[in-house]
Amino acid sequence: MTAEAILSIPTPPRQSLSVTTGRDRARKTKQWLAFMMLRGAILIVAAALVIIVGFLVINGISSISWGFLTEVPRNNMTEGGIWPCIVGTLLLSLGAMAVALPLGVASAIYLHEYALPGRTMRIIRLGVNNLAGVPSVVFGLFGLGLFVTAMNLGVSILAGWLTLGVLCLPVIIGTTEEALRSVPATYREASLALGGTKWQTIWRVVLPSALPGILTGSILGISRAAGETAAIMFTAAVFYTPKMPNSIFSDVMALPYHIYVLATAGTEIEKTRPIQYGTALVLIALVLGMNLFAIILRAWLQRRGSR
Amino acid sequence: MRRSTKEIIIKQAFLATAVTSLAVLALIMIFLFMEGLPTFSFVSVKDFLFGLDWYPTDEANPAYGILPLIVASGAVTALSSLLAIPLGVMTAVYLAEIASPRVRAVVKPVVEMLASLPSVVIGFFGMVIMAPFLQDYFGVAVGLNLSNAALMLAFMSVPTIASVSEDAIYAVPRDLKEASFALGATHLETLARVTLPAALSGIGTAVILGMSRAIGETMVVLMVAGGAAVIPNSLWSPVRPMPASIAAEMAEAPFRGHHYHALFATAMVLFMVTLFFNILADYFSHKHQQSGSASL
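The listed protein sequences correspond, in order, to chains H and G.
Under the numbering used here, the first residue of the first sequence is numbered 1, with each subsequent residue one higher.
Under the numbering used here, the first residue of the second sequence is numbered 1, with each subsequent residue one higher.
Among these hints, one or two may not hold up.
Mimicking DSS-like on lysine-lysine, the simulated pairs with C-alpha atoms at most 27 Å apart in a straight line are [stated by the list, open to error]:
(1) H:Lys271 / H:Lys243
(2) H:Lys198 / G:Lys108
(3) G:Lys11 / H:Lys198
(4) G:Lys108 / H:Lys30
Only part of the chain H face toward chain G is listed, based on derived beta-carbon distances under 10 Å [said to hold, decoys possible]:
(5) Gly133
(6) Glu228
(7) Ile296
(8) Leu297
To be clear, the hints were calculated from the coordinates, so they are not data collected in a lab.
For glycine and all other residues, C-beta sits at the position ideal for the given N, C-alpha and C.
Starting from the given sequences, assemble the full structure and let the hints guide the process.
What follows is the structure, given as structure tokens:
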């Protein structure tokens with residue numbers, strides 16, 4: 001839905017006609033009350049975000065230092081930094097995108113540009129929707145069963161990439177389709193009228209116009225993968241590894257898993273609290289930063305599109 | 001190669017990729033069943049689904065009944081829906097009908113940011129801030145419990161419910177609203193008697209998707225629900241929903257042992273439930289699709 005459509009929602013008529021009866025006043029009061037309740041709901045939702053992020057910032061900011069970001073953990077994880085976790089999370093999420101992006105974009109192109117409404121399309125779409133609804137822990141078990149065990153990749157970066165890749169697939173398909181939808185039909189018609197084939201039209205006309213939208217989608221996909229815990233806990237992440245990852249078959253440390261283990265297991269839960277807060281803060285800074293970037297990019301695109 | 005041949009090949013290649021997501025879904029099912037079905041060689045389906053005792057690591061007398069886990073999942077989801085459905089739908093109504101473009105430009109990203117918060121972070125918040133808060137101010141014995149988990153889950157499903165409902169409310173044809181205004185109805189009356197009823201199937205889809213998100217959410221229930229595998233007797237009981245049990249125990253379960261298979265079987269149950277929810281949502285959104293005012 002575009003900005004114009006939002007603006008064009010009819011505003012209710014002001015009740016300025018003739019006599020205002022008591023009943024009219026009651027109706028107005030009722031409406032005022034109801035709309036206040038809706039505003040209240042919005043405030044609760046906004047407050048939830050502010051409170052969660054606020055508490056983490058307040059408690060976590062004192063842990064953040066150059067050393068915290070760039071050093072390896074020391075002294076049985078109770079001191080030192082989280083550098084290996086940052087590297088691990090970046091590696092996992094970028095790699096997941098490398099898996100999901102080609103598959104997702106191609107699927108979206110088929111669904112939006114080629115498929116005619118009908119049984120095939122309906123079934124594929126049902127598959128995509130259902131994939132989006134699969135719980136992340138089930139993705140984790142699937143990764144454990146297929147990639148780690150059956151394909152014998154072990155707990156490794158590669159197994160994590162593949163698991164997170166299929167987890168992000170629906171995100172990429174959804175956002176790419178949206179980007180393709182926003183390319184005006186006239187672009188395609190102009191290209192076809194010039195004698196371009198379907199594929200030439202997609203490759204030279206549709207995709208370049210949809211590219212920024214696809215980029216937005218992939219940023220959202222990366223941020224989704226970066227925050228994911230349950231899908232990597234059996235497939236890629238380990239609590240502690242002394243070496244930095246040196247091949248795609250290494251296991252890695254990752255920010256979300258680090259938070260989870262430090263906060264729930266071990267004997268030093270209270271002592272490592274500052275590290276937990278600091279790690280959580282780094283993770284949300286990473287994820288929300290990417291999301292904010294995607295939101296701004298999308299707003300800019302919409303402005304450009306409506307000019 | 002002739003141009004048209006090339007085009008056909010390209011089209012088929014795209015079709016093949018599009019089928020990947022179906023293939024992945026099928027593979028997920030195959031692997032869950034492959035590792036989960038052996039469970040029923042040592043425990044009957046009835047004892048598994050309705051058994052009251054979950055003692056998978058008991059050496060002398062292990063028990064694999066997941067009823068407490070199923071009840072926990074259901075209770076947590078139901079309680080969180082009580083909060084998330086009104087909040088989500090109200091947010092959607094506000095965004096779609098009432099907010100000025102400027103307010104909308106702020107509120108919508110807020111909802112999206114809430115959706116993007118990693119679940120482990122929300123779980124962490126529930127553990128270190130909400131749990132002590134509940135203990136101090138509500139005198140609850142255990143801060144990590146059903147209600148705390150439901151509250152955290154609610155904030156995760158509100159964005160899903162809000163964004164899907166919002167689309168549904170937008171899709172209501174404009175002339176319906178105009179007709180209502182023309183009859184002298186106020187904005188609220190139009191909303192309550194025309195817009196919302198017309199968008200009801202879409203809102204239903206949104207609610208189902210939101211609940212499906214809550215039932216499958218793992219990290220929050222793993223960290224916040226408390227972890228006791230018993231049927232809850234109050235809103236403040238610690239519980240152990242299915243995803244929490246799987247995530248917590250899989251690392252310790254001996255490879256392809258009874259416990260391992262039982263956890264995969266639990267995942268099977270969880271997968272079937274979310275699959276059912278998603279197919280239901282899909283059915284709703286197609287069955288009652290609003291195509292112009294004619295189908296009202």
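We went through each hint and held it up to the structure:
1. Between Lys271 of chain H and Lys243 of chain H the CA atoms are separated by roughly 24 Å; this keeps the pair inside 27 Å, and the hint holds.
2. At roughly 36 Å between alpha-carbon atoms, Lys198 of chain H and Lys108 of chain G are farther apart than 27 Å, so this suggested pair is violated.
3. At roughly 9 Å between alpha-carbon atoms, Lys11 of chain G and Lys198 of chain H fall within 27 Å of each other, so this suggested pair holds.
4. Of the pairs offered as hints, the one joining Lys108 of chain G and Lys30 of chain H holds, with about 26 Å between alpha carbons and a cut-off of 27 Å not exceeded.
5. Among the interface hints, the one on Gly133 of chain H holds; its C-beta lies about 4 Å from the nearest C-beta in chain G, closer than the 10 Å criterion.
6. Given the 10 Å rule on beta carbons, the hint for Glu228 of chain H holds: about 7 Å separates it from the nearest Cβ of chain G.
7. With its C-beta approaching chain G no nearer than about 9 Å, Ile296 of chain H sits inside the 10 Å limit, and its interface hint holds.
8. Given the 10 Å rule on beta carbons, the hint for Leu297 of chain H is violated: about 12 Å separates it from the nearest Cβ of chain G.
Going through the hint list in order, the structure does not satisfy hints 2, 8.
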